[in-house]
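Please build the complete structure, drawing on both the sequences and the hints.
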Amino acid sequence: MTRQDNASILVLEDEPDIARLICSSLAEYGFRCEHIATGQQLLARARQAVPDLCIVDLGLPDMDGMQVVRELQDGSPCAVLILTGRNDVTDRVLGLELGADDYIVKPFEPRELVARVRSILRRYQRAAPPEAAPSEPNLARFAEWAFDKGRHVLVAPDAREIGLSAAEAALLLTLLRRPNKILSREQLLGERDVDPFDRSIDVRISRLRRKLDDDPQNPRLIKTVYGAGYLFSAQVAWE
1 MTRQDNASIL
11 VLEDEPDIAR
21 LICSSLAEYG
31 FRCEHIATGQ
41 QLLARARQAV
51 PDLCIVDLGL
61 PDMDGMQVVR
71 ELQDGSPCAV
81 LILTGRNDVT
91 DRVLGLELGA
101 DDYIVKPFEP
111 RELVARVRSI
121 LRRYQRAAPP
131 EAAPSEPNLA
141 RFAEWAFDKG
151 RHVLVAPDAR
161 EIGLSAAEAA
171 LLLTLLRRPN
181 KILSREQLLG
191 ERDVDPFDRS
201 IDVRISRLRR
211 KLDDDPQNPR
221 LIKTVYGAGY
231 LFSAQVAWE
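Under full-length UniProt numbering, the letters of the sequence shown match residues 1 to 239, in that order.
Among these hints, one or two may not hold up.
[Unchecked claim] Capping the alpha-carbon separation at 20 Å, the derived lysine to any residue pairs in SDA-like fashion look like this: (1) Lys211 <-> Ala143; (2) Lys211 <-> Arg160; (3) Lys211 <-> Thr174; (4) Lys223 <-> Glu239; (5) Lys223 <-> Ala234; (6) Lys106 <-> Asp14; (7) Lys106 <-> Leu21; (8) Lys211 <-> Arg141; (9) Lys211 <-> Ala228; (10) Lys106 <-> Ala19; (11) Lys106 <-> Ile18; (12) Lys181 <-> Pro219; (13) Lys181 <-> Asp214; (14) Lys181 <-> Phe142; (15) Lys223 <-> Arg178.
[As the list claims (entries may be wrong)] Pairwise CB distance ranges (calculated): (16) Asp158 <-> Trp238: 18 to 26 Å; (17) Thr224 <-> Pro16: 39 to 47 Å; (18) Glu112 <-> Ala159: 43 to 51 Å; (19) Asp148 <-> Thr90: 28 to 36 Å; (20) Asp14 <-> Pro110: 14 to 22 Å; (21) Ser206 <-> Glu112: 23 to 31 Å.
By construction, these hints were calculated from the structure, which means they are not laboratory data. Here the structure is a predicted model, which means the values were calculated and not measured. Think of the CB as a built atom: it goes at the ideal place given N, C-alpha and C, for glycine as much as any other residue.
Here you go:
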């Protein structure tokens with residue numbers, strides 16, 4: 001993942017005034033922004049060169065923003081921040097379920113937008129292959145599963161390979177490095193302050209459980225410790 005300064009960002013927003021506000025706010029902090037007005041144009045641009053982050057407005061003239069998020073994750077996986085004027089919590093949770101990393105609701109404060117972009121990029125930087133630490137083991141084995149952190153791939157007991165997004169890989173890596181220890185939502189997100197109503201970490205845990213075939217009603221690998229956080233309940237061997 002590229003460093004935060006000079007990171008490339010595609011801004012999918014059909015309202016020119018809002019797009020200008022987003023791009024000017026981010027440009028002040030060194031981000032390279034490109035405004036795109038339609039979902040199809042954004043998907044084509046992302047196929048040409050995968051950006052560091054896409055800011056996706058859900059209300060688009062040519063296609064549903066949720067479909068854009070889904071197709072980005074299928075074809076050009078990158079960080080995604082949803083921008084929405086919808087107040088329905090269900091829409092925001094659905095966006096996270098489809099692979100978005102965070103969301104922000106219109107009208108928004110530009111400083112909050114910049115803070116959320118920085119937060120997402122920090123998570124992706126932690127998930128990038130550790131070029132500075134080549135001696136660190138690359139493969140983790142646990143409960144008949146394996147995780148290849150260099151490729152962001154889970155290998156199931158039946159040898160199926162399951163791809164993870166960079167955000168999912170970063171979360172799993174944090175859990176695997178501290179097995180059998182309770183980790184708070186703040187520790188898992190890597191942030192000092194987390195909104196108590198922010199459910200993004202819970203949605204990511206849910207996605208990981210599904211990919212690990214971990215029953216959400218009675219999980220055996222990623223356990224919920226109510227009022228404290230989550231615990232990865234397995235022995236982990238690195239090689």
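How the hints compare with the structure:
A threshold of 20 Å between alpha carbons decides the hint, and for lysine 211 with alanine 143 the separation of about 14 Å falls inside it, so the pair holds. Note on lysine 211 and arginine 160: the hinted pairing holds, with a Cα-Cα distance of about 11 Å set against a maximum of 20 Å. At roughly 17 Å between alpha-carbon atoms, lysine 211 and threonine 174 fall within 20 Å of each other, so this suggested pair holds. A threshold of 20 Å between alpha carbons decides the hint, and for lysine 223 with glutamate 239 the separation of about 25 Å lies outside it, so the pair is violated.
A C-alpha spacing of about 10 Å is found between lysine 223 and alanine 234, which places the hinted pair at or below 20 Å, so the restraint holds. Distance restraint check for lysine 106 and aspartate 14: the Cα-Cα separation of roughly 14 Å lies within the 20 Å cut-off, and the hinted pair is therefore satisfied. A C-alpha spacing of about 12 Å is found between lysine 106 and leucine 21, which places the hinted pair at or below 20 Å, so the restraint holds. Restraint check for lysine 211 and arginine 141: the C-alpha separation of about 15 Å stays at or below 20 Å, so the hint holds.
Distance check on the hinted pair: lysine 211 and alanine 228 sit about 23 Å apart at the alpha-carbon level, beyond 20 Å; violated. In summary, the hint linking lysine 106 to alanine 19 is supported, as the alpha carbons are separated by about 12 Å, within the 20 Å threshold. Restraint check for lysine 106 and isoleucine 18: the C-alpha separation of about 10 Å stays at or below 20 Å, so the hint holds. Distance hint between lysine 181 and proline 219 is fulfilled; the C-alpha atoms sit about 16 Å from each other, no more than 20 Å.
Between lysine 181 and aspartate 214 the CA atoms are separated by roughly 18 Å; this keeps the pair inside 20 Å, and the hint holds. For a cut-off of 20 Å, the pair hint linking lysine 181 to phenylalanine 142 stands: about 15 Å separates their Cα positions. Between the alpha carbons of lysine 223 and arginine 178 the distance comes to roughly 13 Å, so the proposed pair stays at or under 20 Å and holds. As the Cβ distance of aspartate 158 to tryptophan 238 is approximately 22 Å, the hint placing it in 18 to 26 Å holds.
The supplied range of 39 to 47 Å is met by threonine 224 and proline 16, whose beta-carbon atoms lie about 44 Å from each other. Hint check: glutamate 112 to alanine 159, Cβ distance near 44 Å, so the stated range 43 to 51 Å holds. As the Cβ distance of aspartate 148 to threonine 90 is approximately 34 Å, the hint placing it in 28 to 36 Å holds. Look at aspartate 14 against proline 110: about 19 Å separates their beta carbons, and that is inside 14 to 22 Å.
With their beta carbons about 25 Å apart, serine 206 and glutamate 112 fall inside the hinted range of 23 to 31 Å.
Of the numbered hints listed earlier, those contradicted by the structure are 4, 9.
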